[in-house]
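Colleague: The primary structure of each chain is shown beneath.
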Amino acid sequence: MIEPIAKPRRKNPLARTRLPTSPPHPRSRKSHGLTRAAAEGRFMLQRCGACGAFSYPARDACPACLSADLAFVDAPRRGTLLSETTLHVPADVHFRERAPWRVGLVAMDCGPRLVTHLHADCEEGRPVVMSFQLDKSGQAVAFAYPERETPNMTDDRQWREMTADPKFRRVLVTNGRSVVGQEVVTALKSAGASILFVGVAEPWKPFRGEEALRALEGVQIVPLDIGDEKSVMDLAADIGGKVDILVNTSEHVRAGGLLDRQGTSVVRDEIDQSYLGFVHLAQAFGPAMRARGADGVNSAAAWVNILSVYALANWPAFGAYSASQAACLSLSHCLRAELRPGGVKVVNAFAGPLDTEWFQTVPPPKVAPRVLASAIVSALKRGLEDIYVGDVAEDVRQRLAANPKAVERELGA
Amino acid sequence: MQNTIRTPYDRVVMAVPVTIPYVRYSIESAQWWIGRALRSLVDGAGITPRDIDGFCVSSFTAGLDSGIGLTQHFGLCVRWVDTIPLGGASAIAALRRAARAVQAGDARIVACVAGDTNHVDSFRFTLENFSRFNQDAVYPYGAGGANASFALIARNYMRTFGARREDFGKIAVAQRANALRNPNALMKSPLTIEQYMAARPIADPIHLFDCVMPCAGAEAFLVMGEDVAASLKLPAVKILATIERHNAFGDDPVQVRGGWAMDVDELYTMAGVKPDDLDFVETYDDYPVISMMQFEDLGFCRKGEGPDFVRQHDFTIDGSFPHNTSGGQLSVGQAGAGGAYLGVVEAMRQVLGLAGPTQVKDARIGLASGFGMINYDRGLASGAAILAGPGA
Amino acid sequence: MDSNSLMQFAGAVASGAVRVVDLTFTLSPDFPVIVLPPEFGQAAPVRIQKISQYDAAGPAWYWNNLTFGEHTGTHFDAPIHWFTGKDLPNNSVDTLPPRDMIAPACVIDCSTDAARDPDFLLTIPAVEAWEKRHGRIPQRHWVLLRTDWSKKGWRDYANLKDDGAHTPGPDAAVMRWLVEERSVIGFGTETIGTDAGQGGHLDPPYPAHHFLHGGGRYGLQCLCNLDQLPPTGAVVVAAPLKIQNGSGSPLRVLALVPSA
Chain A
968 MIEPIAKPRR
978 KNPLARTRLP
988 TSPPHPRSRK
998 SHGLTRAAAE
1008 GRFMLQRCGA
1018 CGAFSYPARD
1028 ACPACLSADL
1038 AFVDAPRRGT
1048 LLSETTLHVP
1058 ADVHFRERAP
1068 WRVGLVAMDC
1078 GPRLVTHLHA
1088 DCEEGRPVVM
1098 SFQLDKSGQA
1108 VAFAYPERET
1118 PNMTDDRQWR
1128 EMTADPKFRR
1138 VLVTNGRSVV
1148 GQEVVTALKS
1158 AGASILFVGV
1168 AEPWKPFRGE
1178 EALRALEGVQ
1188 IVPLDIGDEK
1198 SVMDLAADIG
1208 GKVDILVNTS
1218 EHVRAGGLLD
1228 RQGTSVVRDE
1238 IDQSYLGFVH
1248 LAQAFGPAMR
1258 ARGADGVNSA
1268 AAWVNILSVY
1278 ALANWPAFGA
1288 YSASQAACLS
1298 LSHCLRAELR
1308 PGGVKVVNAF
1318 AGPLDTEWFQ
1328 TVPPPKVAPR
1338 VLASAIVSAL
1348 KRGLEDIYVG
1358 DVAEDVRQRL
1368 AANPKAVERE
1378 LGA
Chain B
87 MQNTIRTPYD
97 RVVMAVPVTI
107 PYVRYSIESA
117 QWWIGRALRS
127 LVDGAGITPR
137 DIDGFCVSSF
147 TAGLDSGIGL
157 TQHFGLCVRW
167 VDTIPLGGAS
177 AIAALRRAAR
187 AVQAGDARIV
197 ACVAGDTNHV
207 DSFRFTLENF
217 SRFNQDAVYP
227 YGAGGANASF
237 ALIARNYMRT
247 FGARREDFGK
257 IAVAQRANAL
267 RNPNALMKSP
277 LTIEQYMAAR
287 PIADPIHLFD
297 CVMPCAGAEA
307 FLVMGEDVAA
317 SLKLPAVKIL
327 ATIERHNAFG
337 DDPVQVRGGW
347 AMDVDELYTM
357 AGVKPDDLDF
367 VETYDDYPVI
377 SMMQFEDLGF
387 CRKGEGPDFV
397 RQHDFTIDGS
407 FPHNTSGGQL
417 SVGQAGAGGA
427 YLGVVEAMRQ
437 VLGLAGPTQV
447 KDARIGLASG
457 FGMINYDRGL
467 ASGAAILAGP
477 GA
Chain C
1034 MDSNSLMQFA
1044 GAVASGAVRV
1054 VDLTFTLSPD
1064 FPVIVLPPEF
1074 GQAAPVRIQK
1084 ISQYDAAGPA
1094 WYWNNLTFGE
1104 HTGTHFDAPI
1114 HWFTGKDLPN
1124 NSVDTLPPRD
1134 MIAPACVIDC
1144 STDAARDPDF
1154 LLTIPAVEAW
1164 EKRHGRIPQR
1174 HWVLLRTDWS
1184 KKGWRDYANL
1194 KDDGAHTPGP
1204 DAAVMRWLVE
1214 ERSVIGFGTE
1224 TIGTDAGQGG
1234 HLDPPYPAHH
1244 FLHGGGRYGL
1254 QCLCNLDQLP
1264 PTGAVVVAAP
1274 LKIQNGSGSP
1284 LRVLALVPSA
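Protein chains in written order, with our numbering: chain A, 968 to 1380; chain B, 87 to 478; chain C, 1034 to 1293.
In short, the hints are calculated from the structure, not lab data. Where hints are given, some of them may not hold.
Unchecked claim - Partial selection, computed: residues in chain A whose CB lies under 8 Å from chain C: (1) Lys1172; (2) Lys1197; (3) Asp1236.
Claimed, not checked - Result set (DSS-like, lysine-lysine): computed pairs, CA atoms no more than 25 Å apart in a straight line: (4) A/Lys1372 x A/Lys1333; (5) A/Lys1197 x A/Lys974; (6) A/Lys978 x A/Lys1372; (7) A/Lys978 x A/Lys1156; (8) A/Lys1209 x A/Lys978; (9) A/Lys1209 x A/Lys1156; (10) B/Lys389 x B/Lys360; (11) A/Lys1172 x C/Lys1184; (12) A/Lys1172 x C/Lys1194; (13) C/Lys1185 x A/Lys1197; (14) A/Lys1197 x C/Lys1119; (15) C/Lys1275 x C/Lys1119; (16) B/Lys360 x B/Lys447; (17) A/Lys974 x A/Lys1172; (18) C/Lys1275 x A/Lys1172.
As the list claims (entries may be wrong) - Computed Cβ-Cβ distance ranges for the label pairs, DEER-style: (19) A/Pro993 x C/Ala1090: 29 to 37 Å; (20) C/Asn1097 x B/Val206: 44 to 52 Å; (21) A/Arg1003 x B/Pro339: 24 to 32 Å; (22) A/Gln1187 x B/Val206: 44 to 52 Å; (23) B/Arg165 x A/Gly1092: 51 to 59 Å.
Source: prediction; values computed, not measured. In this text, a Cβ means the ideal position worked out from N, Cα and C, and glycines have one as well.
Construct all of the structure, not just a fragment, from the sequences and the given hints.
Modeller: Structure representation (structure tokens):
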């Protein structure tokens, strides 16, 4: 049984902050089939298209029949813990600092055996449920946890290394003016975030929900105009060392594509607010977060981008906006690579049209801001990297996988 | 399990057992250690490097060099070359391949060498780059290396067959006693069962004295025709039988047996001896649990009886079951791929009566085994050889 | 004027006999800007981006790139800014006559009224009352509306409510009257616009813009330190950037005031 983690005390200013280290990260190319599964919270194994046998570790031929038809498919998660060990003297720095560390060997009901990280409540000979998680190196690893929920389950030390649970973490929500921003604040608060810094640009402009936001315990309204480099830098100078999770809720949505727009000022605004805003945030907050990836219970853990699913495929009705989102998506991959040495995850939440004023004329289904907020918190708790929120986002994802050309033609129809 | 008729190793012998004494850390390269072993082979046989026309090498730390690059490094002009990356099974495999090459006339004198250096970071480098499955699916799980993998195997074995830490300790303590008679062993101080039991845990149930100490060193021998050995006046070791098996029993959920169990009958049949006829046994002892498993799989007791077998025997040089007479890797050190050769080279000395302080009295026939390559969740490679001295 | 007089003037500035009052807010990213409904084009906010600061990007020098809309910070409105002035000659900041950049100012103090009512509107009777005390507003003078609005915190300064900004300004009649009957060179305020926050509901909407620019006159807004000016006798120097076909620009506004 797991002791609940305690709220971290204030840091000793005389103590050096321990630098983050990565667990071993080299992987074969094929093994990244598991990385994809872990990023989306799926449990996938290779299954032979010819003989149906599941296999693991990642292979290039079926060990049962030598077929090369080995697609990664969603697999049954249940298995039995055959044997376990606790590592006291690991060979690399990352695990040496985290020893003792528990691993085990699980026989899956569907056949393969997995060497796996263990939740502390797993018992030898008992059933376990498996997931693939992204570890601090950003690579997929197997993780076993008990079949039934146990007390304080998510406080497990090894599990917390795989996730970005908001509990006791300090979060910067970049835009408290938006409904999405306010819902994210509420959801994070419920998830146990200790401090919520909420950015408000142009604080001389009142906004709806302001009073309720100010009344929330733990919320600190901070001046933040992400389009303004200095504003972002100034805030980072104040609180950059205390931001464990950053959720970029800034949104700048305008309808329209290219030919029916006059000039570039709207496009420029989109780029300023979305893309350059992201750049400003990353440059101001990224370095400290990367350096604080191993800073105790409330280490820096995650950076969340809210992206339109049309970052993946341009929707001409919101064509320039889609392009600004695509730019942010591309940049998120850069940020992911650069934050990886700190073990800080970059979560991309791809959403379909939100149920907000800028998508007023778009027919349903639309994503309620509250649903988006709760999906983000869930992704942080589960340690996911890519989530698709709402029916439209899931629809676009699946259609893109099936035929990107069809998506292009249909969105442009 | 079904054996076809195997060609015996007639008129092929092993000679010139060579050990380049180990050091814990070395600033020299693997090539340096292999070179020292080659020189000792040449000196020991009274030949010149030109006389070596077959070369078989194993090393984890030779970097980009395989056997072919090393021929130029060492000025060897050979007509047969092999590089054997089978870890702890490399010596048995080298012996098998070299013997057949000599028997077929493809080579006249084959130098079989394993050498590794041990820089301060080379062991970790080896762990990190061991194999694809290891890199994908084992090492990222706590970076425990072989300790973690064998811990999972040991724990399951203990639970399944009732082995206790004390049983493993008995093996380790006996080997230490043997090592104290071997001037080349890195471990110089006695080990008591109490010390064994009190050692710090590394990866439960593996504790400190269950683990080998990585070090630098080299081991080697020559394989040649019986007539060549006679003309060089070299004491010769006969190869009575060998077996080799890879990726056996893949369906066992956790490894409880090695490939020996598949081929052990053939081993004794080919050798024309019974387990009781052996004067000593050199098992591959990367962990005591693996030695215990081999007592079962190599026919000294049945599966599951390993713990009892251990309790009933004395494994010291003068004991009821002389085992790992040099001290084994647990007490001599594990010089990378040299660890595979340690038992084979010691067995050669024993049957030749050249073992000096570790000599088992009147040893004529002995067994040496190999085991290696924890690729994913189990050791994949296994092998064994029964060797005999001139008088056998 | 002979050169001697001009030298005397320069000497008076140097000696402090003529005081120079800076009527300008610092141009900064966080200064409030005009708010339009979001579907309209927006003024680019002030952005100051460092190019280098004695660092790898420029080891010995410090400089910035600036972006801002023409109507940000303390700024000048040229006639071309409004549709009523679009066809006038010399109606943009690059063509306006340089002599118009220096002119005397009448300062009408409505700070008490504005403190009482954020929607306070300047009317003809109020100006006539001022003229009773200080004399008729001469031609080609600036009229500066002092409200002390520039002393407020920025939230109160913008004073945005659900129905828009609530800040003082002129009514329609007084603007037409100042342009047509007093021939003012321009009208200046402390608030974000020359018009009142609710000026869009007047007839015509935004009368300051409508009449000033339709008459070829100028606007100044976001002024400060008006409380340091005498009702009459100050001279305003307001030279906007020479932006090609520019409708206005941030600028440094100085007032020259005789020492008491």
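Colleague: Now look at each hint and say whether the structure bears it out.
Modeller: Outcome of the hint check:
1. For A/Lys1172, the interface hint holds, the least distance from its beta-carbon to any beta-carbon of chain C being 6 Å, beneath 8 Å.
2. Because the smallest distance between the Cβ of A/Lys1197 and any Cβ of chain C comes to about 6 Å, under 8 Å, the interface hint for this residue holds.
3. About 7 Å separates the beta-carbon of A/Asp1236 from the nearest beta-carbon of chain C, less than 8 Å, and the hint is met.
4. At most 25 Å may separate the alpha-carbon atoms for a hinted pair to count; A/Lys1372 and A/Lys1333 meet this at roughly 24 Å.
5. For the suggested pair A/Lys1197 and A/Lys974, the alpha carbons sit about 33 Å apart, so the restraint of at most 25 Å is broken.
6. With a C-alpha separation of about 53 Å, the suggested pair A/Lys978 and A/Lys1372 falls outside the 25 Å cut-off, and the hint is violated.
7. The straight-line distance between the Cα atoms of A/Lys978 and A/Lys1156 is roughly 22 Å, inside the 25 Å bound, and the hint therefore holds.
8. For the proposed pair A/Lys1209 and A/Lys978, the alpha carbon gap of about 10 Å is at most 25 Å, so the pair holds.
9. Under the criterion of a C-alpha separation no larger than 25 Å, the hint pairing A/Lys1209 with A/Lys1156 is consistent with the structure, at around 16 Å.
10. Simply put, B/Lys389 and B/Lys360 have alpha-carbon atoms about 18 Å apart, close enough for the 25 Å limit, and the pair holds.
11. For the given pair, A/Lys1172 sits about 17 Å from C/Lys1184 by alpha-carbon distance, which is consistent with the 25 Å threshold.
12. With a C-alpha separation of about 9 Å, the suggested pairing of A/Lys1172 with C/Lys1194 holds against the 25 Å cut-off.
13. For the hint linking C/Lys1185 to A/Lys1197, the alpha-carbon distance of about 23 Å falls within 25 Å, and the restraint holds.
14. About 37 Å separates the Cα atoms of A/Lys1197 and C/Lys1119, which puts this hinted pair outside 25 Å; it is violated.
15. About 18 Å separates the Cα atoms of C/Lys1275 and C/Lys1119, which keeps this hinted pair within 25 Å; it holds.
16. Note on B/Lys360 and B/Lys447: the hinted pairing holds, with a Cα-Cα distance of about 19 Å set against a maximum of 25 Å.
17. At roughly 36 Å between alpha-carbon atoms, A/Lys974 and A/Lys1172 are farther apart than 25 Å, so this suggested pair is violated.
18. Distance hint between C/Lys1275 and A/Lys1172 is unfulfilled; the C-alpha atoms sit about 31 Å from each other, more than 25 Å.
19. Taking the beta carbon of each, A/Pro993 and C/Ala1090 are about 36 Å apart, inside 29 to 37 Å as hinted.
20. A beta carbon spacing of about 51 Å between C/Asn1097 and B/Val206 agrees with the range 44 to 52 Å that was offered as a hint.
21. Between A/Arg1003 and B/Pro339 the CB atoms are about 28 Å apart, so this pair conforms to the stated range of 24 to 32 Å.
22. Separated by about 49 Å at the C-beta atoms, A/Gln1187 and B/Val206 satisfy the suggested range of 44 to 52 Å.
23. The given range of 51 to 59 Å is respected by B/Arg165 and A/Gly1092, whose C-beta atoms sit roughly 56 Å from each other.
Violated hints for the displayed structure, listed by number in ascending order: 5, 6, 14, 17 and 18.
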